[in-house]
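Modelling step: build the complete structure from the supplied sequences, incorporating the hints.
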Amino acid sequence: GAGHGDIVVPVLINALKDIDDEVSIRAAEALSKVGAGHGDIVIPPLIEALEDEYEDEYVRGSAAKALGKVGAGHGDIVVPVLINA
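So for the sequence shown, UniProt numbering puts the first residue at 1; every next one is plus one.
Among these hints, one or two may not hold up.
[Stated by the list, open to error] Between beta-carbon pairs, the in silico distance windows are:
#	residue 1	residue 2	range
1	E53	I7	12 to 20 angstroms
2	I77	P10	16 to 24 angstroms
3	K17	K69	16 to 24 angstroms
4	L82	D56	14 to 22 angstroms
5	E48	E22	12 to 20 angstroms
These aren't lab readings, by the way, just hints derived from the structure by calculation. Quick reminder that beta carbons are idealized off the backbone N, C-alpha and C, glycines included.
Okay, here's the thing in structure tokens:
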């Protein structure tokens, strides 16, 4: 059956794009905890949040931290993004 991450991750990805910065920050923090086994679907929206120059700096910082946690095994994608952030 589906694990908790299978249910929660899509909701958190959607919340990452919320207009309320606090919601986005909390979503990134939660993704850093539950997203490790879901790197293929979690990493792209986190990168998008990090690279969005119009996004709140705290949202971007939370996205960077989450990328650092869920990016294990995806260093070829994550490391260059974090270096250039």
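Status of the hints after comparison with the structure:
Taking 12 to 20 angstroms as the suggested C-beta distance range, the pair E53 and I7 does not conform, at roughly 32 angstroms. Look at I77 against P10: about 20 angstroms separates their beta carbons, and that is inside 16 to 24 angstroms. The hint said 16 to 24 angstroms for the Cβ distance between K17 and K69, and at roughly 19 angstroms that hint holds. L82 and D56 have their C-beta atoms about 18 angstroms apart, which keeps the hinted 14 to 22 angstroms range intact.
Between E48 and E22 the beta carbons are some 19 angstroms apart, a value that agrees with the proposed interval 12 to 20 angstroms.
Checked against the numbered hints above, the structure breaks only hint 1 and satisfies the rest.
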